[in-house]
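*Asks:* Using the hints provided, position chain C relative to the given structure of chain Y.
Protein chains in written order, with my numbering: chain Y, 1 to 401; chain C, 1 to 199.
It is possible that part of the hints are untrue.
[Unchecked claim] EDC-like cross-link-like pairs, simulated, lysine to aspartate or glutamate; straight-line CA separation at most 20 Å: (1) K121(C) to D210(Y); (2) K35(C) to D210(Y); (3) K35(C) to E207(Y); (4) K97(C) to D269(Y); (5) K192(C) to D158(C); (6) K57(C) to E300(Y).
[Said to hold, decoys possible] To give an idea of the interface, some chain C residues facing chain Y are shown, with a C-beta separation under 10 Å as derived from the structure: (7) M14; (8) C88; (9) V90.
In case anyone wonders, no lab produced these hints; they're calculated from the structure.
Positions of the beta carbon are idealized from the N, C-alpha and C atoms, including for glycine.
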Amino acid sequence: MQSASKRVANDDGALEWVLSLGVCALLGIIGSQLGGATGALIGSLFIALVFLQGRLVERNFVAQIPLYLLAAKVSIPLAFAMVAGHWIVLPLAVRHGMRRVAALLIGETVAVGVGVWLASIHPILGLVGFVVSRLIASMVMAKGSGMPLDVGTISGAPAWAASVGFLLTTTLLISLGEETSTVLAQVLILSIVWLGALRAYLKASQEFSDSLIGLGNLLSHAHPYTGGHSRRVGYLARETGRKVGIPEWRLDEVVQAALLHDIGKLAVDERILEKPTKLTDEEFAVIKTHPAIGESIVNEVLEHKPMAKWIRHHHERMDGRGYPDALTMKDIPMESRLIAVLDAYDAMTGTSADGHRRLYRDPVSSEKALAELKRCAGTQFDPRVVKAFETVLTRSKRGML
Amino acid sequence: MIGWLICLAGSVVMVAVTLWHLPVLRSARQRMLAKGIASAMEHRSPFLGGSTLALEKLVTNVAGELGLSGRSERNARLGALICDVGLCAVPSELLRKPMEWTPKEQAVFDRHPASGGAILKSIPLLTEFGGLVRQHHTRFESERNAPVESRIISACSDYLQLIRHVGKDRAVIALERQSGFHYDPQVVEAIKKVVSLEK
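Only chain Y is shown next, with the shape it has when bound in the complex:
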């Protein structure tokens, strides 16, 4: 494990992160000087700033600490309310894309205002009012951008973390007048129930991701010499994605895309896929259709998800000589560049879940494959992704899985 400072220094987003932290701190200081509701409103502005940095979402909680401190100065219940509110709304908001940032800004401001006002009547009222108004804001956001509120997102693991935060806070607040041991007992009971629910959800999502592996492996039934995907591919995709700065909340989708990226090949005649000799132009034209077919299949499964686009572009090259759209570096989504590297490595090494290997080419060793990836970095692959992939691969080989 690298130290935190090294990770930040390695990341392109480091500068943005430091800058936005600076702005946050500044707003926090101004807010605390003003005090009261005005201060809280100004402080809330910086949350929106943090959201504007899409990639920073995963570090959002660190960045929000000044706001919580500020809110605590206004009123303790409000601070609790904010922590709880963020745990509920944040996973919702970020999953639905940055188009909602503007709406989030308004929602946040209104919610804090309502919270402050209600808290002046009664602390619990402030807590509930804050959470409810933020939930309403996120519903409006979801509706405004035409995306259905995903049941899985609301009630999945992150939201459970949210509800426990909320419930624990409420319990603590209400029990302030009670004995410490009583409060601890109540918290313990709630935590146990929550852990049970969380475990059920995690088990369900493991089942789902195993099913997606199965779906991605449909190709290996059509074409038995193609290796199947395994959990290892998922692991490599997740870790490399994390290293190149894809936000935490999007990694699940990156893994899914990595598992499903070749599903379009089901529509390609396997005589072409298995052909040991060089392909003719017509045959290659047929192969070239698979990313677009994959896109349309995934589009039908998950409407409005960017995942389909990542799959469409997984054969684009940095120098613009890829297909289907001949995009160049800056236009290719980071996720597609990542899938391209994984795909090439997988193809060269012939790694698979069940020991099959490709018919037309002898698998090469992992070192040789890595050398080839590095050779093509800059022309075919994104050098940054190759570098990250190399680190992840070395680490996983050392058995630090």
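*Replies:* For chain C alone, coordinates are given in the frame of chain Y:
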């Protein structure tokens, strides 16, 4: 005291929401996977000609006509989407040919329900539909205990293929001729009713 009440209420709410929501989530995910499979199979097999949605609709109507339980109906609908997953294991060369196959080719094609059942074993969320898929072309007279969902899918999918090749009226006649042999007579009756309502 209030603390204990909140604690109790919180636990009850969490348990209730989990118990209610997990099955909902599960079936949404199953449907998502099934739609992916349906779409992939349509891209693979031009002869399906985008009929999967039509099949799902017909199966739903027939299940309604037969008065199946909600659960059975849901299974039948999902089965309609994934029943041809075994086409993955059929060479695409064969799938692209017109329907005039040699007996050997026909035999390869006829293995697709069995391969489908096997393939679903690798998709944990859909494994429970393996039996249904395996039997979706089984002859009625040779296996009267096949799941009712399979019997519906069998008749409905053949009916849709027949429509494409010989037209609606002759498709109904062909179904009737095989009623009791290849197809479940009750299902054939239900299809006839549904089709006459469509007119």
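*Asks:* None of the hints should be skipped; say for each whether it holds.
*Replies:* Evaluation of the provided hints:
1. K121(C) to D210(Y): Measuring from Cα to Cα gives roughly 11 Å; hence the hint holds.
2. K35(C) to D210(Y): holds, 17 Å
3. K35(C) to E207(Y): Cα-Cα ~17 Å, so holds.
4. K97(C) to D269(Y): holds, 12 Å
5. K192(C) to D158(C): holds, 14 Å
6. K57(C) to E300(Y): Roughly 17 Å separates the two Cα atoms, so the pair holds.
7. M14: holds, 5 Å
8. C88: Check passed: Cβ of C88(C) comes within 4 Å of chain Y, closer than 10 Å.
9. V90: Result: holds, 8 Å to nearest chain Y Cβ.
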